[in-house]
Structures are given as structure tokens and as C-alpha cells.
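Peer 1: Position chain B against the provided structure of chain A, taking the given hints into account.
2 protein chains.
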Amino acid sequence: MTQNIYDNPQFFAGYATLDRSVKGLDGAPEWPALRALLPELKGKQVIDLGCGYGWFCRWALEQGARRILGVDVSEKMLAQAREMTHSPLIDYQRQDLESLHLPAESVSLAYSSLALHYLQNIDGLFSTLFQALKPGGSVVFSAEHPIYTAPLKQGWIVGSEGEKAWPVSHYQQEGERISNWFADGVKKQHRTLATWVNALIAAGFVIEHLDEWGPSAEQIQANPALDEEKERPMLFLLSARKPG
Amino acid sequence: MTQNIYDNPQFFAGYATLDRSVKGLDGAPEWPALRALLPELKGKQVIDLGCGYGWFCRWALEQGARRILGVDVSEKMLAQAREMTHSPLIDYQRQDLESLHLPAESVSLAYSSLALHYLQNIDGLFSTLFQALKPGGSVVFSAEHPIYTAPLKQGWIVGSEGEKAWPVSHYQQEGERISNWFADGVKKQHRTLATWVNALIAAGFVIEHLDEWGPSAEQIQANPALDEEKERPMLFLLSARKPG
Numbered sequence: 001m002t003q004n005i006y007d008n009p010q011f012f013a014g015y016a017t018l019d020r021s022v023k024g025l026d027g028a029p030e031w032p033a034l035r036a037l038l039p040e041l042k043g044k045q046v047i048d049l050g051c052g053y054g055w056f057c058r059w060a061l062e063q064g065a066r067r068i069l070g071v072d073v074s075e076k077m078l079a080q081a082r083e084m085t086h087s088p089l090i091d092y093q094r095q096d097l098e099s100l101h102l103p104a105e106s107v108s109l110a111y112s113s114l115a116l117h118y119l120q121n122i123d124g125l126f127s128t129l130f131q132a133l134k135p136g137g138s139v140v141f142s143a144e145h146p147i148y149t150a151p152l153k154q155g156w157i158v159g160s161e162g163e164k165a166w167p168v169s170h171y172q173q174e175g176e177r178i179s180n181w182f183a184d185g186v187k188k189q190h191r192t193l194a195t196w197v198n199a200l201i202a203a204g205f206v207i208e209h210l211d212e213w214g215p216s217a218e219q220i221q222a223n224p225a226l227d228e229e230k231e232r233p234m235l236f237l238l239s240a241r242k243p244g
Numbered sequence: 001m002t003q004n005i006y007d008n009p010q011f012f013a014g015y016a017t018l019d020r021s022v023k024g025l026d027g028a029p030e031w032p033a034l035r036a037l038l039p040e041l042k043g044k045q046v047i048d049l050g051c052g053y054g055w056f057c058r059w060a061l062e063q064g065a066r067r068i069l070g071v072d073v074s075e076k077m078l079a080q081a082r083e084m085t086h087s088p089l090i091d092y093q094r095q096d097l098e099s100l101h102l103p104a105e106s107v108s109l110a111y112s113s114l115a116l117h118y119l120q121n122i123d124g125l126f127s128t129l130f131q132a133l134k135p136g137g138s139v140v141f142s143a144e145h146p147i148y149t150a151p152l153k154q155g156w157i158v159g160s161e162g163e164k165a166w167p168v169s170h171y172q173q174e175g176e177r178i179s180n181w182f183a184d185g186v187k188k189q190h191r192t193l194a195t196w197v198n199a200l201i202a203a204g205f206v207i208e209h210l211d212e213w214g215p216s217a218e219q220i221q222a223n224p225a226l227d228e229e230k231e232r233p234m235l236f237l238l239s240a241r242k243p244g
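Residue numbers (my numbering), protein chains in the order written: chain A, 1 to 244; chain B, 1 to 244.
Hints should not be assumed to be uniformly reliable.
For chains that are exact copies, the list does not tell them apart, and a pair is met inside one copy or across any two.
Said to hold, decoys possible - Each computed DMTMM-like pair below joins lysine to aspartate or glutamate, with the alpha-carbon atoms no more than 25 Å apart:
1. K230 <-> D123
2. K188 <-> E163
3. K187 <-> E163
4. K76 <-> D227
5. K188 <-> E228
FYI, nobody ran anything at the bench for these hints, they're computed from the structure.
In isolation and in its complexed conformation, chain A is listed as follows (with noise of 0.2 Å):
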């Protein structure tokens, strides 16, 4: 099973504390690209793995979603979504996501917001999504990318004249990462951008676009913290569809 970091009391009271816990997705500076990958909701079913405080499964609501899914490992993430959103169109499950089972072809978009990385059998929930999607529906999902996981101790390096850069190393060693991110001890999952991809075909998808992100000129100017995000992307984001 997954390790379930975010019931951690200090890791829970420090993830509360981001942007993109208080103002949802508008304070994630991907999601304006993440958003740009998703397919029409109005009357679709949705999933939402990883769902957290239940921000995107709020924003499917008010896009028209008919019925929609969120699934965490955290009871206490479930909780605050709960509370946070109450509607009959929304049923929030505790379920550990590589045993995760789905009725098939039952919904039209698979998302996920930074959460897969945790996991170590990609390979099964791939094929769990494949068969649960309907045909011609899509799977859109963002994780840590592989250039910042890669490094068995992440950090920058910072040159005489303040330039910053990333030193990647194991990038070819797949596997568990252990990194202090406001809890000691969080454990994460390296692959390979290749590993990603390949997963995704061989579950039977077809790519449809693939994201480094990285902050545009102006989100800089308004938050000067992401300047450093142009020097290597921390994150991808990838959309892939069923044929059908």
C-alpha cells in the first residue's frame, strides 16, 4: 500500500500552509496548462485520484459534471473535502489507488493532480483506468518530473553569481526517493519520463500531448519565487485517450 504521508499530523499541518491548499487551483501555477489538456465535463463522469481537499472535484461540479469521484488514501484530506463541498453529484472514497477498482467504461476523464508519483505499480493503474474509461475518454495527470526526482538528495546548486542549477544524477535508477518535505521521511517514486509514457501505450493509450511545465514570463513577474522553475521543470503533465 501507498504510504500515507498526508495523514502525518506535521506533514498535513505544513501542506495546508501552500498556496495550492488555500486559494485550490488557481493557486497552482500549472493548472492554467493542466486545465488546457482537459476535455469538455458538462454531463461527463469524472475521477479525480489523489482528490485531496477536493478542489478539482469542485471545479468539475460547477463545469457541469454529472457525477463525479474523488479517491484519496487520506481520511483526514476526505474530510475536509467533505466538508468543504457538499453535493449529491460528489461521492468521496477512501481507496488506496494500485487496488483500486472501477466499474467499466463508467467514466470520461481520469485526473490526477500530483499524486502518482507516490505510487509504485503504475503498470496496474494504468489498465485499471483503461478498462474504466470510455471509449474515446481521456486520462490527464500531473506528477513530479523525473529531471527532480532523479537526484538521491534533491537540491540546487548554486554557482559564484548566484545561477542556479539542477545536478541530476540516478536517473536511470528507478525507484523509491526519500525526501523531508514538511515531514521526514516522505516517500516518493523515480521513473523515467520513458517509463511514464511507455506505461501509457502499453495500457493501451494514445499519447496526446506531453507538458514540462514551466512558469511563463509574466507568472515570474507576479511570483518571482518561480524563476527558478525555468531552470529545470519539477513537474510534467500528460494527456493521453482511449481510441474509441
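Peer 2: Relative to the frame of chain A, chain B by itself:
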């Protein structure tokens, strides 16, 4: 027009000393991975973009390809290629890959090894290849990996215990990179992996496989100089198919 560094005498002499120049395909450690992406060539029409000495054209001939076109911008390379392999089935042509003309639906495989990162306009080439391929035909190529090409000045950083890391910066800044490799001022184009993938999709291709090549344990044992290649990919291999 693409820089023709291969006709620079110093570069040409240096390049001639590489294992991949002396030994041909088997001198390139990524060749087994690249070969695994190729379709059956017997009876097929093949084009090699940036054919160099013509090692691949010669191999395609051995595999039973029916017509082989080797294209390169370097007269010197083409002269060596013509000298090395004589066959009425192989045609070597000097053409700039950025202004290539090919008859519609005339080839089954467009192949390229470590040439396309010299091109400024990849969209135009992929459109040209798409129309030149028969339905069901493939494009299979290798190019320098953007992790490798991103930094303005490329080189390892070495830690106190000899551990190597590749400092990535300027990843989002696509465009020209100057390196000194056998000759000063070799011009290559850095583009993100997303740009490569999305350009193929935009041209109409379906992505089949991505390989961010790294050496196997056996290859490192046989050639210890390859050891550092597991820290970060220097090359990627991509295969895509024209539907039909």
C-alpha cells in the same frame, strides 16, 4: 540551412576516430535499443536522414530493404558512404534536412541517428516525413537528450568522493547551444522532450515508444567509460507510426 560541421576537416578527422565511425552500428552502445524499435525491413523502402558513412544504409541492405535513400548535408560523409557500399538499391543524396523533398507515400521507414538535434525546424521535417510515409509506416530516430543539451556550458560536476552529477539549467530556454566537440562552435538545437513528442503528434504521428537510453550493467562491464551514462541520459530514442 543547417550548419555543416561534418565538412570541417578538424571535426571530420575527430569524428572518424569514434567507435561508431570505425565499427559502425555495433560501435554505438544504443544500437541494440534502436534496432529493437525498427520494423521488419525486407522488401521495404527506407530513408536514412543524416546517413553519415552509410552504416545504417548498408545494414538495411543486408536486411533485404528494396530501396534505400541515404541523405546527408556533408559531401565528405557521402563520398565515404558511396565508397564503402556499392549497390544499385542505395541512393546517396546531398540534401539539407530542413528543406527535404520526398514523394508522397513512398517510404515505409524514416530513420535517423543523432542528426535531428542539428535542425532548427523540426515541425517542417516531421510534416515532410508524415506525407512521405506510407500508411502504417514508421519514423524511428535518436537525438541528444534535452537533459544533456540544456546547460549553456555542458560538463559534469564531480563530488568529493568522485560521484558525478549533470547540472541542468536553462531547460525551458529552447534554441541554439554551442559546444566544442572535435571542433569549436558546433551548433546544436536544444528542445525539450515535450517539444519533440508534441511535434510528432502535431504532424499526425502516434507515439509508439520512448527510450531515454542508458547502458546496461553488461555494457558498463565491457566498457567502463559508459558508467557515467547511467547518471543522466545523453540520448533519447523515439518511434512513432503513421496511422493506417
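Peer 1: Could you tell me which of the hints above the structure violates, numbers in ascending order?
Peer 2: 4
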